[in-house]
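Engineer: Letter by letter, the chains look like this.
2 protein chains.
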Amino acid sequence: MDAFKLDHRLANDSISILKTGLCDFRLSRDCRWPWLILVPQRTDITEIFELTPLDQVMLTFETELASTALKKVTGATKINVAAIGNIVRQLHVHVVARFEDDPNWPGPIWGYGKPEAYEDAKRDQFIKTMREALSS
Amino acid sequence: MDAFKLDHRLANDSISILKTGLCDFRLSRDCRWPWLILVPQRTDITEIFELTPLDQVMLTFETELASTALKKVTGATKINVAAIGNIVRQLHVHVVARFEDDPNWPGPIWGYGKPEAYEDAKRDQFIKTMREALSS
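These protein sequence lines map, in sequence, to chains A and B. Under our numbering, the first residue of the first sequence is numbered 9, with each subsequent residue one higher. Under our numbering, the first residue of the second sequence is numbered 9, with each subsequent residue one higher.
It is worth saying that the hints were derived from the structure and are not from the lab. These numbers were taken from a predicted model, which means no experiment stands behind them. Incorrect hints may appear among the rest.
One copy or two, it doesn't matter: identical chains are merged, so the pair holds either way.
Okay, derived cross-link-like pairs now, DMTMM-like style, lysine to aspartate or glutamate, Cα gap no bigger than 20 Å in a straight line [stated by the list, open to error]: (1) K79 <-> E55; (2) K122 <-> D110; (3) K86 <-> E55; (4) K86 <-> E58; (5) K86 <-> D15; (6) K122 <-> D21; (7) K122 <-> D109; (8) K79 <-> E58; (9) K80 <-> E55; (10) K13 <-> D32; (11) K79 <-> D52.
Take these sequences, add in the hints, and give me the full structure.
Structural biologist: Given below as structure tokens:
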């Protein structure tokens with residue numbers, strides 16, 4: 009089996025904050041929304057249904073972990089979960105904290121406007137807080 | 009426990025084609041994309057993580073069933089799966105067949121343009137085909 013290799017666009021646009029049994033948990037570099045991207049560390053997978061049943065269940069519970077941690081840390085109004093992948097075909101699941109005054113609410117975040125970078129200190133603090141929430 | 013009651017907007021915008029262990033499988037009345045909406049028949053649930061672990065696993069496998077059936081029937085380039093719910097808060101999962109020449113490709117479908125209705129005969133034929141694919 010080939011070693012897992014992260015798509016270069018995911019590598020550029022997000023930062024690894026934790027690796028679990030299945031996924032690389034990554035923080036999007038776009039600060040407009042608190043936004044995690046879960047990448048199952050499996051080769052040549054585009055659709056969730058291409059994962060084994062066990063991996064699908066693991067993805068479900070790792071998505072739950074990401075969702076509950078993000079809800080707890082941010083107090084979001086709504087968590088948006090999506091596997092789209094029309095552009096980047098390597099399977100990845102978006103877990104996004106949404107608020108009623110955020111950009112494009114209540115519409116979707118994907119493809120909306122231009123990414124905005126975190127300030128370094130805010131990004132590092134958010135990563136620390138999320139790591140603690142994901143591990144507790 | 010209160011009886012399950014479908015949100016009136018989901019009731020208006022989609023048609024039930026099958027009920028399984030957990031979900032009401034519904035076809036969106038918007039014909040621009042082949043688009044299923046899975047509604048877990050549980051009361052007062054907004055987020056996937058509010059479902060019991062067993063229901064989360066059932067939702068995973070029913071989403072897989074919807075995805076593989078939609079892929080098989082339509083030959084889609086990509087299946088988009090999402091639980092957003094910023095407007096309609098009753099938990100529902102979108103499973104959408106996407107093509108490179110469809111409206112707003114490769115962007116998301118939610119909130120894009122105006123819904124277009126199926127012709128009755130085409131809708132009925134698609135429902136029949138999907139029911140067979142979901143049951144085989």
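Engineer: Does each hint fit the structure? Answer for all of them.
Structural biologist: Verification of the supplied hints:
1. K79 <-> E55: between (26 Å within a copy, 10 Å between copies)
2. K122 <-> D110: Cα proximity of K122 and D110: one copy only (14 Å, versus 23 Å across).
3. K86 <-> E55: Intra 24 Å, inter 8 Å, cutoff 20 Å: inter-copy only.
4. K86 <-> E58: between (28 Å within a copy, 12 Å between copies)
5. K86 <-> D15: between (28 Å within a copy, 17 Å between copies)
6. K122 <-> D21: within (12 Å within a copy, 32 Å between copies)
7. K122 <-> D109: Intra 17 Å, inter 24 Å, cutoff 20 Å: intra-copy only.
8. K79 <-> E58: between (28 Å within a copy, 12 Å between copies)
9. K80 <-> E55: Between copies, since 13 Å is at most 20 Å while 29 Å is not.
10. K13 <-> D32: within (11 Å within a copy, 38 Å between copies)
11. K79 <-> D52: between (31 Å within a copy, 18 Å between copies)
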